[in-house]
Amino acid sequence: MLSLIEVENQIKSEITVNADGTGKATVRGTAKIVGVSQSAISQSLSSDKLGVSGLSVYLVAKGFEIDKLSLFLASGIPDLAVAAIASYYAMHAGRYCTEIAKMACEVFQAIGVRTWMQKIVGWEVAAITTPNIEADAVMLLEGMTVLAKGIKKATSDIRNDIASSNVIVVSEVREVATNSEERISAKVDAVQAELLNIRQLVEKPTIVEQVKAPRRKSQDQNINIHVPNESRYLELIAIAESSGMSRSQFFYEIIEKAMEVCVNG
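Each residue of the sequence shown is one higher than the one before, counting from 1 in our numbering.
To be clear, the hints were calculated from the coordinates, so they are not data collected in a lab. Bear in mind the structure is a predicted one, so any value in this text is a computation, not a measurement. This list has only true hints and no planted wrong ones.
Computed cross-link-like contacts, DSS-like style, restricted to lysine-lysine with a CA-CA straight-line distance of at most 27 Å:
(1) Lys12 with Lys102
(2) Lys102 with Lys119
(3) Lys68 with Lys49
(4) Lys68 with Lys12
(5) Lys119 with Lys12
(6) Lys102 with Lys62
(7) Lys68 with Lys102
(8) Lys62 with Lys119
(9) Lys62 with Lys49
(10) Lys49 with Lys102
Label pairs and their in silico Cβ distance ranges:
(11) Gln38 with Leu4: 14 to 20 Å
(12) Ile66 with Met144: 57 to 63 Å
(13) Tyr96 with Asn9: 20 to 26 Å
(14) Val52 with Ile5: 32 to 38 Å
(15) Ala61 with Gln10: 27 to 33 Å
(16) Glu99 with Asp67: 31 to 37 Å
Using N, Cα and C, we set each Cβ at its ideal position, and we do this for glycine too.
Using the sequences plus the hints, can you model the full thing?
Structure follows, in structure tokens:
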């Protein structure tokens, strides 16, 4: 009888281990592990024997899907199924139990069938790349610096626009300075629109006009005319122009008439 170490040397080419560490063995390799013929396992897992052979019934009881058992013949037997087959031929196959299967079960219980397969083929866990935290931190800092410079420039431009219009909008500047980069453009447009409204208000004509009456011996002073609104003011200007008098003369005549009414009752 071969020892398990001798079996390991013989089945090295019959075992493969995937990148994730899971392993599988060929039907031939599995047969050598448990000490039976290759045909014994092939026949037990063939389609016409599923649910009938003792091995297939045992594997189904261990949680393997019966419809997939025959696929093992072509694709290889998964490591966990190899361990189950070893357990079957170690303790549950009756007169077909083998000593080599018992030794395999002892090894599998000690280190696990997957680790055992990995050891045979020399598989090692791929080195885990440690993230370069320092480099990532530098890149993040550089990105934040660029963002801060962009915000600072946008804020400076807004302050210059405000200063050139002699308007102080402290709350607007503070809000823009704390906003994210994507909102700066919209906020700048809003501030510029507000500045345009302020300029338009400043450029509108005043409603109150100061009229200097003609000098007389009894009068030598400036007179202020107050009208309730701009519309009324424009109406009076139109009347003055249609009368042929200057605006000053027209408003002076109005005042004279008003004074006569007050004096004469």
